[in-house]
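Relying on the hints, combine the two individually framed chains into one complex.
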Amino acid sequence: MANFNTHFTVAASASAVVSGTLLSMEVVTPEQGVMAFFIGTLGGLLPDVDSAHSTSIKVGFNVLSLLLTIMMIFVKSSTYSIVEMFIMAALVFTLIRYGFLELFRKISKHRGMFHSVPVALIWGVVVAILMHFFFGLNSLVSWVYGFMTTFGYLVHLTLDETYSVDLGNRRVKKSLGTALKFYRLKTNADKIQTVIIYASLVGLLTIAPDTDLIVNALFSQEAWLNFKDVLLPYDEKWFLH
Amino acid sequence: MNKILRTITGLVATTLFIGCVPAPKPQVGTTLGIPVGSNNSSVEYGARPSNYVSSIQSYFSSKISRANEAKYKFSQPKRAYKRKGLAYGGEIDWKGWLVETSVATTSRSGRLLTPKPYMVLFTGNQVVEHILGNSHKLITKIDK
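Chains A and B, in that order, give the protein sequences. Taking our numbering, the leading residue of the first sequence gets 2, the next gets one more, and so forth. Taking our numbering, the leading residue of the second sequence gets 976, the next gets one more, and so forth.
Hints may be right or wrong, so weigh each one.
[Unchecked claim] With a cut-off of at most 25 Å between alpha-carbon atoms, the simulated BS3-like pairs for lysine-lysine come out as follows:
#	chain 1	residue 1	chain 2	residue 2
1	B	K1112	B	K1053
2	B	K1059	A	K77
3	A	K229	B	K1091
4	B	K1048	B	K1091
Read the hints as simulated data drawn from the structure, not as lab findings.
Just chain B, same shape as in the assembly (with noise of 0.2 Å):
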């Protein structure tokens, strides 16, 4: 019985450090807090992605399943800034432009499935992460 108790907890430890050992950001800015406003300059959210719909394109078609069939539609960039996790300090690791995209793939039998909503991240014309879902707590979009 302590055999199995100590493989269990073992086995919890690794999983959880493993899962909970934050992933290597881009360093954007290192402001602290709020932003104050939506009068914040372009230059704090660096500059607009100009060529969006192809960067978020070929960023996908190594990310998703059967992204050569994908069909995708796409937003205005928008400005937005992200938090990290309440684990890792919660403050500010990311500002730039967000572009909310929804990726239409087929399933492995070749139907055609619901679109999936993703926001795009973007530092500059750099794809940085994408997020599945139209909206996240702990992002918060300055343009509407």
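Isolated chain A, as found in the complex (with noise of 0.2 Å):
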């Protein structure tokens, strides 16, 4: 398994490579850009979330108490007081910073469901719902930044597979096919879980944005035609245009 500096490299170039591809097809501006190489790096690191004393759970935490703590400002802002304000921020962070922290870590199971297929979509689903309902993008825009998730997640699940690989001693490690599955169905428990997993993941598309921009801008002909575009210089004037 990759430890964290590893997972954190990995996913920061991949994303970086994907989300400069991205810009130079313009797909998205320049700032867009810059947050869609963020969300596929935070993206990579979220499976091992799931590991009760990984660094990947301590930023995970960070960002989601910091993320719920700015959206209760914002939508406060125009009743509470400062004072009010600075009290409800440092309840709401401590709350989930250290109270849901706590709880997940007794919940959770590392390598369970959390490391798998269905899973790294539904993050990209729910982060694209969240841009477009709570911070108003367009579908696209939301899309990208959901695409990017599911990206970094499934970076970081091929990474975990890859070092189940053995090369020097030529062998397979026990943990081989428990990071990038489809579903796993060795006890009830985990039949359950497989089962709610899938559901969570069709109720979530029926209220997703439209797919349909996301879809002509990287899943087309012309999407590949404009990736051809930008993959070599169009006029073949290397550097001089």
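Below, the structure written as structure tokens:
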């Protein structure tokens, strides 16, 4: 299994390549490209949030606490006084950063269904929904951020699987197949968990933003042509444009 | 490790804070709640934009790449309203006229691209914002 530094470096590098490509294809603006990079990198740290004492869980809960605290401040800024906002912000932050973290540590199991492809997809859809409804972003940008989350997540899972193969000793470790999986059906609890995850994914997709723009921007024939346009100098004049 | 953790948390906090600060919007009425039916008077939505074609072309000339080669199509203006994102309270922050616009531009190699749909929001004759796409969950079109 790769450590935190490896996951961070690989996720950041892969996200830089993808967000740079999206910027070059004019799918996102430079500001959105930077945000896409950060979101992809965070997506690459998300899977280890289920590991009770990992660095990822600390980063993940710091980010979640900050996000919810900032959102609470925005929502209440027109009615609360500054002192009320400080008190509420401190309460919300402490509750999530310490209260929920302890609860999450007790109920989560490392390398359970949290390390799976459908959960990677769920995170992407959740991010797209949040960006669209909470921050009012258009459907394309919302889905780009969702796509980057899932992409970073899948990079993490792929890296974990890669580390399951010991090329030096020519053997595979016991962890092979526990990261990049679609389901887990060992126990009844696993079966219920798998059903809940797929049902949640379907439910979330029903309220998700329109997909027309992202499909056209990333998964259409035109998207492929756009990619080819920016891959190499279209006028064959290297560095002399 | 702690240094990396602190750096990441700091970067994320800054990004979130910058990303979440609402852009200043023109104050267009302060009515809260959903407008009742489609019998709203023109006073509520302001005057219908008259020169919307030239206003939109002029507006997009500085917003999109290779705007001078762009090909436009426009719908008739329709009354609409827009809510703020839930993170900012969710109340109505714009009421006015919306023009559905399709803009076809060229790629950097000169290839004509599939037209992109936009919703251009007007207050009177003034463009206040454009939103990529034909629809948005926070926008309600009154006229179909």
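*Can you give the numbers of the hints that this structure goes against, from lowest to highest?*
No hint contradicted; all consistent.
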